[in-house]
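Peer 1: Can you make the complete structure from the sequences, with help from the hints?
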Amino acid sequence: MKRSIFSYLINRILLYALIFIISLSAFFFFINLVPGDPVTRYIQMMEQRYGLSTPASEIVIQKYKEVFGLDKGLFERYTSYLTRLILHQDFGPSFVAFPKPAIELILESLPWSVGLLGTSVIIAWLLGVILGTIVGWKRDTKISSVVFTTGLVISQIPTYLLAIILVMIFTFWLNLFPMGGAYSAMLQRSFSLPFIFSLIKHAFLPSMSLIFVYVFGTMISQRALVINVLGEDYIKLAEAKGLKSSRLVNRYILRNTLLPQATGLALSLGFIVNGFFLIEWIFNYPGIGRLFMMAIREMDYNVLMGITITTMFCVLTANLIIEFLYPLIDPRIRRG
Amino acid sequence: MRILRIVLIVGLVFSLLTLSVPAMAQYPVPREQAMVYETDTKYTVFDKANTFVPRGTQWGSGWHQVANEWDWYINYATGEIIYWRITGWKYSRDRLELRWFVRKGVTWNDGTPYTAHDIVFTIETLMKNPDLLGAVHVANVKSVSAIDDYTVSIKFKNPEYRFHHKLRMWGGITVVAKHKWAGKDPRDYANWPPVETGPYKFHSYNKDLNMFVWERDENYWAKKVFGVSPGPKYVVCRMAPPPDIDLADFIRGGVDAPLPHIFTWEMIKAAQKRTEHVVLAPYMDAVSQGLTFNCAKYPTSLRDFRWAIQYLINRDLLAKTYPMAEKSYPTMWPWPDWKALDKWEFPEIKAKYGEMMKYDPKKAESILDRLGFKKGPDGKRRTPKGEHLSLVLLTRPAPDLGYVHAKHLSDELAKIGIEGIIKSVDPGMFGELVNTGNYDIAFDVLDVAVAFPNDIYPFLDSYHSRHVKPIGEYQTSGDRMRSKLKSKDLDKITDTLANMDPDSSKYMLYARRGLDIWFKELPSVPIVEKMFVQVFSDKYWKGWPTEGNMYHVPYQWWPSLIFILFKLKPAS
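Line order of the protein sequences matches chains A and B.
Each step along the first sequence adds one to the number in our numbering, with nothing skipped, and position 36 is 36.
Each step along the second sequence adds one to the number in our numbering, with nothing skipped, and position 48 is 384.
If you are wondering where the hints come from, they were derived from the structure by calculation, not from laboratory data.
Watch out, some of these pointers could steer you wrong.
Stated by the list, open to error - If you anchor each label on the Cβ, the simulated ranges turn out as follows: (1) B:Ile807 with A:Val153: 48 to 56 Å; (2) B:Leu845 with A:Glu76: 38 to 46 Å; (3) B:Leu653 with A:Ile165: 32 to 40 Å; (4) B:Ile807 with A:Arg77: 22 to 30 Å; (5) B:Met463 with A:Pro111: 42 to 50 Å; (6) B:Pro733 with A:Phe29: 25 to 33 Å; (7) A:Phe29 with B:Arg523: 58 to 66 Å.
What the hints assert, rightly or not - Covered, in the sense of this in silico footprint (three residues per stretch, anywhere, with C-beta under 8 Å from a C-beta of chain A), are these stretches of chain B: (8) 374 to 381; (9) 575 to 584.
From a predicted model like this one, the values you see are computed outputs, not experimental measurements.
Backbone N, C-alpha and C define an ideal beta-carbon position, used for all residues, glycine too.
Peer 2: As structure tokens, then:
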């Protein structure tokens, strides 16, 4: 049995590494094979924007091509990129914040996204699973069908639309919450009560717009899983044995629905590093989503690569972790 | 009981959140003392003010608008020349030397006098470091020296006629403070907090909130020299939120000057219904909107074919249906209808081509028939060789104005049996395809070359054949639109203009001839004035430029914003 778990884990790790390298390489070639010359375009864009009327100088362009490694051949760029990434975890300099490394920009934005979105996703998932279990368990009651129908409607509302509605109500009509930002402009980052309050207050609306939609999405899938499990013979047997409802739900229903739900949660958490860019944009939240949008707009390839690779890494790692946890959650895998 | 307890706890948390009002301030300075304006850029450069290197300054941070200054300005709305940090200049007879006279009393914001030595140091720095941005501007400089503290002598390798424009707003050479920069590597020196001569000093920035705050310099030199000082104590620059939120914030007075590119005409109309604090200042951008032909590709390489296409443009209709303002104006000129530029609108040219540049599809058809692009039995036109005739109309996606014009031309082309394929691509790709010559007709703004220097030469020069590169090769210099026109006559005139005094009467004669050739060749077609409606809120500040009192170009992202700030007074 130990051997089968061991080979299961080794297989997963090898598959993980293979998928990561393939995706990374595919993305590198995809970005680098896009026709054009980002440095020339970048210098010209900057000149036009700054109104400097400075014709792009070949010397300047050549210099920055060297800085960004674009004076080398594609394969040479690929090998040096891989080496730099694997050995030094370096994505190269950012185009828009040159000479700041792209990784620095990503690391500045990441905690905001993880803090806001991570908390929101976990809260939404927990509430959704609880609500979905209750709605599924009590599926024949009126209140259950009302909650389910309402949930069905709300889960289809795009988060950005809900975000705008929340801003209109709570910011412009009721003046209860700020319209954006991560904390008050009067405060500096510190571990103080006013700052923490400000942080929570600024995160409230973006968080609510995510939770509101995701909680019902999870509820619907959980309800379907619960109803599915309720038809199983072992549930009927447990009921016939006269088990208490709470025990039946906790031990028999919830546990059997948890596997697909946990996979869903892991994937959602993995995607957090990608940021919910529309939410972050609407609320002017300094997260990775906003950075990603800026990188696309300004053609900051190194930041784009950095965010995509970080996302790939997190999604794959979340998958790997969940695959490691499968044997603990599901004894059938443990037994090979 | 349990439910009640949960409700109470939730209520308590909610109350704590909502009652902590001080934690909700939108700006770190009192709103009534601040002028708030917006940009569409996410700030990434926070502690650098160095124009010698890429990303050395942050566009939209306020540095370009309220901290940095230029030696002289042109008020394009009135045509007035503003000698700001200088009292004037004088070229030698042979144009091999320029004397630059610095105004006494100008100081940097740390109190150090602004002198000839700063200008000499800046030009020398660019001469010694050809890899710096701006170095290209001093290519013709042989030597530079300070005759005294307030007079600079710049000597040239070849006769020079336009060096004075390099130190004008949007000119290209930003003078730096010698006492700060001397001995530093210009590639690395941050110049932060910035030592500049402008009316505002750096106050603070907030990376997480995408915001810069500038504070009025109470010792600003122009207060003593010209008796002017800006009204608002602070200037706050912030990144614009999404349109709906931006609109709601404008209505409640959260922002004074939104960015017209994103604060659309529809938003302005909505704001007017909800608040009385809306001041409109519609004005023409430095460029007119038009189309450019790829003169290196058949059949747009044929001059008469280009004229035929021109007859399909209904300017009046496009001006009336202009989406970015209440209306725009049809134009035949490739520059905006600014007072300062009136002198280039030669009556002879207007008489000759004004009548020709009309919407006349029949005329277009007759030209095409004459050229052999005849209709087949299916109603589709073919080339004289019998090949299918289609044109790639390159544009950025809607709602870009170019897209509206491309759609119009595509419809008009269809009516006369030509297929116009609209290729709508993102701005980056648009630049790429235009720069490499992969288009037939591109829709964009025409060049700013005339507007800023108030000179026809840079405009005509951008159509000089020396800039032309083969299709597929990236064109790194020349005009934005890169028409790839090759006209020996135009080249000759342009070369002559390059070596003439722009203020001479002979210059005007050649300029007219050059423009005549340009219209005859028609590498680009001006369509409408690019109107922007700059909107201001007068909830906190009054004195903004208006349609009836356009005392300065109203755009808040221009360095001439300082002249608007001088006029602002508290609204109450």
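Peer 1: Determine for every hint whether it applies to the structure shown.
Peer 2: Right, here's what the structure says about each hint:
Between Ile807 of chain B and Val153 of chain A, the C-beta spacing of about 54 Å keeps the proposed range 48 to 56 Å intact. Between Leu845 of chain B and Glu76 of chain A the beta carbons are some 56 Å apart, a value that contradicts the proposed interval 38 to 46 Å. Under the hint 32 to 40 Å, the C-beta atoms of Leu653 of chain B and Ile165 of chain A, about 38 Å apart, fit the expected range. For Ile807 of chain B paired with Arg77 of chain A, a C-beta distance near 26 Å keeps the hint of 22 to 30 Å intact.
The beta-carbon spacing between Met463 of chain B and Pro111 of chain A, approximately 46 Å, falls within the hinted interval of 42 to 50 Å. At roughly 26 Å, the beta-carbon separation of Pro733 of chain B and Phe29 of chain A lies within the given 25 to 33 Å, and the hint holds. One distance hint, 58 to 66 Å for the beta-carbon pair Phe29 of chain A and Arg523 of chain B, is violated here, with the actual separation near 32 Å. Counting residues of the stretch 374 to 381 of chain B whose beta carbon lies closer than 8 Å to any beta carbon of chain A gives 3, which meets the minimum of three for the stated coverage.
Coverage of a stretch by a chain is defined here by at least three residues with a beta carbon nearer than 8 Å to that chain's beta carbons; for the stretch 575 to 584 of chain B and chain A the count is 6, and the condition holds.
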